[in-house]
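Protein chains in written order, with the numbering used here: chain C, 1 to 251; chain D, 1 to 251.
Just so you know, the hints here were simulated from the structure itself, not pulled from any lab data.
Hints are not guaranteed to be accurate.
[What the hints assert, rightly or not] Pair ranges (Cβ atoms, derived):
# : chain 1 : residue 1 : chain 2 : residue 2 : range
1 : C       : Asn57     : D       : Leu243    : 48 to 54 angstroms
2 : C       : Gly108    : D       : Ser195    : 48 to 54 angstroms
3 : C       : Tyr58     : D       : Asn103    : 30 to 36 angstroms
4 : D       : Ala100    : C       : Lys209    : 27 to 33 angstroms
5 : C       : His105    : D       : Tyr204    : 15 to 21 angstroms
6 : D       : Lys221    : C       : Gly111    : 34 to 40 angstroms
7 : D       : Arg162    : C       : Gln164    : 45 to 51 angstroms
[What the hints assert, rightly or not] As a list, the in silico BS3-like pairs of lysine-lysine whose alpha-carbon atoms are at most 25 angstroms apart:
#  : chain 1 : residue 1 : chain 2 : residue 2
8  : C       : Lys62     : D       : Lys61
9  : D       : Lys34     : C       : Lys86
10 : C       : Lys86     : D       : Lys189
11 : C       : Lys61     : C       : Lys123
12 : C       : Lys104    : D       : Lys209
13 : C       : Lys86     : C       : Lys2
14 : D       : Lys62     : C       : Lys189
15 : C       : Lys61     : D       : Lys61
16 : C       : Lys34     : C       : Lys209
17 : D       : Lys62     : C       : Lys61
18 : D       : Lys62     : D       : Lys34
19 : D       : Lys226    : D       : Lys34
20 : D       : Lys62     : C       : Lys62
21 : C       : Lys62     : D       : Lys86
22 : D       : Lys2      : D       : Lys86
23 : C       : Lys209    : D       : Lys104
Glycine included, C-beta positions come from ideal geometry on N, C-alpha and C.
One-letter residues, chain by chain:
2 protein chains.
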Amino acid sequence: MKNVTAAILIIGNEILSGRTQDANLAYISQQLLKINIRVMEARIVPDIETEIVGAVNYLRKKYDYLFTTGGIGTTHDDITAASVAKAFGRNVIRDPRAVAILNKHYDGQPGEIRLRMADMPEKADLIINPVSGAPGFQIENVFVLAGVPSIARAMIDGVLDRLQGGDEIYTETISAYVTENSIADEMAKIATFYSQIDIGSYPYFRQGKFGTALVLKGTDKSALDKAAQELRTLIRSQGVDVLVEDESIIC
Amino acid sequence: MKNVTAAILIIGNEILSGRTQDANLAYISQQLLKINIRVMEARIVPDIETEIVGAVNYLRKKYDYLFTTGGIGTTHDDITAASVAKAFGRNVIRDPRAVAILNKHYDGQPGEIRLRMADMPEKADLIINPVSGAPGFQIENVFVLAGVPSIARAMIDGVLDRLQGGDEIYTETISAYVTENSIADEMAKIATFYSQIDIGSYPYFRQGKFGTALVLKGTDKSALDKAAQELRTLIRSQGVDVLVEDESIIC
Numbered sequence: 001m002k003n004v005t006a007a008i009l010i011i012g013n014e015i016l017s018g019r020t021q022d023a024n025l026a027y028i029s030q031q032l033l034k035i036n037i038r039v040m041e042a043r044i045v046p047d048i049e050t051e052i053v054g055a056v057n058y059l060r061k062k063y064d065y066l067f068t069t070g071g072i073g074t075t076h077d078d079i080t081a082a083s084v085a086k087a088f089g090r091n092v093i094r095d096p097r098a099v100a101i102l103n104k105h106y107d108g109q110p111g112e113i114r115l116r117m118a119d120m121p122e123k124a125d126l127i128i129n130p131v132s133g134a135p136g137f138q139i140e141n142v143f144v145l146a147g148v149p150s151i152a153r154a155m156i157d158g159v160l161d162r163l164q165g166g167d168e169i170y171t172e173t174i175s176a177y178v179t180e181n182s183i184a185d186e187m188a189k190i191a192t193f194y195s196q197i198d199i200g201s202y203p204y205f206r207q208g209k210f211g212t213a214l215v216l217k218g219t220d221k222s223a224l225d226k227a228a229q230e231l232r233t234l235i236r237s238q239g240v241d242v243l244v245e246d247e248s249i250i251c
Numbered sequence: 001m002k003n004v005t006a007a008i009l010i011i012g013n014e015i016l017s018g019r020t021q022d023a024n025l026a027y028i029s030q031q032l033l034k035i036n037i038r039v040m041e042a043r044i045v046p047d048i049e050t051e052i053v054g055a056v057n058y059l060r061k062k063y064d065y066l067f068t069t070g071g072i073g074t075t076h077d078d079i080t081a082a083s084v085a086k087a088f089g090r091n092v093i094r095d096p097r098a099v100a101i102l103n104k105h106y107d108g109q110p111g112e113i114r115l116r117m118a119d120m121p122e123k124a125d126l127i128i129n130p131v132s133g134a135p136g137f138q139i140e141n142v143f144v145l146a147g148v149p150s151i152a153r154a155m156i157d158g159v160l161d162r163l164q165g166g167d168e169i170y171t172e173t174i175s176a177y178v179t180e181n182s183i184a185d186e187m188a189k190i191a192t193f194y195s196q197i198d199i200g201s202y203p204y205f206r207q208g209k210f211g212t213a214l215v216l217k218g219t220d221k222s223a224l225d226k227a228a229q230e231l232r233t234l235i236r237s238q239g240v241d242v243l244v245e246d247e248s249i250i251c
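Please model the entire structure based on the sequences and the hints provided.
What follows is the structure, encoded as C-alpha cells:
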C-alpha cells in the first residue's frame, strides 16, 4: 500500500493576524486528494526567516511533498525565496528562464523591481504562473507557490502531473438525521474494528433537525464497503433513514 | 517592552482535507490583538494523538499562550482532551463541575455519552460554553476550545479577561493607488530604518486600478508615526494621493 503524504506551509503575517482569510489550503488539499495524496499537516508562519527555514526543513523531511504559499512578491516582506534557498543551503540567483518570462510578460520592460521576482534558489525548476507571469519554483519535494488564490490555484493545477500519487483513496459519505450521541458507542466499535479506515463524524443542524455526516476514507475498498454497511445498519437500527445526498451540502 | 505571543492549534482531519474551511483563526487573532497579544504561529494537525501531543508541547513552551480548537465532542475521533492530558502528563477525570453543567443543560438527563464531554485532564479550569453547555478547559497557558465557530467565539470571548495582555500595539493603515513596485525600494529602506515597526505591504486591484495597502504595527508609537509619515511622503512623491478609508475594505 502506497500512502503518499503532503504538508502545506502558509507564509504571511496577514493570515496570522486575521486580516486575510486563507483561501488556499482547502483548494490544494482537494486537488492533491484527487491524485491520492493526503495533506497531513499545515502550518502558518510569519514573514520571519528563521521561522520559514525551520518549518520548511521539518516539513520537507517528514512528508513526501511540501507546498508553500505566499511571500514571493517584490517587497521587503517577501522573503520566501531567500528563506527556502537557505533551508536547502543554496545560493539565490537571478534565474534567466524567469527573467525571460518577465520580459515577455511586461513587453520587454519589467523594470528592476519586478525582475526581483526572478530571484530564486539556484537549480530550481520553475512553476508557471499563467495569471500574472512571475513564476513559482520547485526544489526537490518542495513547491513554492504564490499567495494570491487565483495564482496559487493555477500553479498547483500546473504541477499536479509532476507528483507521484498514492494508492487510490476511496471515500464514502453517509448522512442521516441522527444525533452523534445516539450512535457514538457503536460507531466507536466499528471504527476500532476497521482501523485501516478513517471514519470522521461531523454533526450538523439543518431544516430544524440535528444530523450527522460520517465520512469514510481509506485505500482498502473492501474494508470501507463493509464498514459503511455496518454504519448504515447502525443508523437504521435507530429507526432513521440514511439520506441519499451529495457531499457538497454537508455542513 | 512587553511582547506577548500566542499560537493557535487547529485539530481536525476535516480542515486538512479541505472539507471544512477554518473559521476560527481570524476571529481568535483579532480578539487577542485587542488586548495586544500577537498570534505568531498556527498549526493544523489531524486527529492523531502523537501529532496533537507533539504540537501542544512545542507550542505551549515557545509562546505565552496556546489556543486549541476542535476535537472535544463525543465521538471516537474527538481525542483532544485525552491528548492534552497526555501532553501535560495528567490523568483524565470526569470533572464534577462539568458534569453539573451538563446535567443542568440537559434537564438532568445528559446520558452517558454526553457526559463524556465532562472528561478532561485533572486540575483543569473550565471554559464556559454558553452556546451548547459542554465546557472547554484551561491548563496553565493552554486553552482548549470547541471547533464549532459559534462556540469557539463565545469561549475565547469568555477567557480574554484571564489573559495578560502586552504593551499596546499601535497600528496604522496607509492605502493608495500606487503599485507595490513603484515604492518597493524606498519602502524597504524605511522598513530597515524603523526595524521595530512591522510594515506589511498588500497589493490590491479595485475599481479597475492597482493599489497597495501598507499596514504598520508596533509598540513604539513615536517610531510608527514617523515611519507612517515617511511612507505617506513617499507615496505623494509618486504624484498619488493617500486614501482615507476604513481598513475593512482592504482586499
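- [ ] Any hints from earlier that this structure breaks? Give me their numbers in increasing order, please.
- [x] 1, 2, 3, 9, 13, 14, 16 and 22
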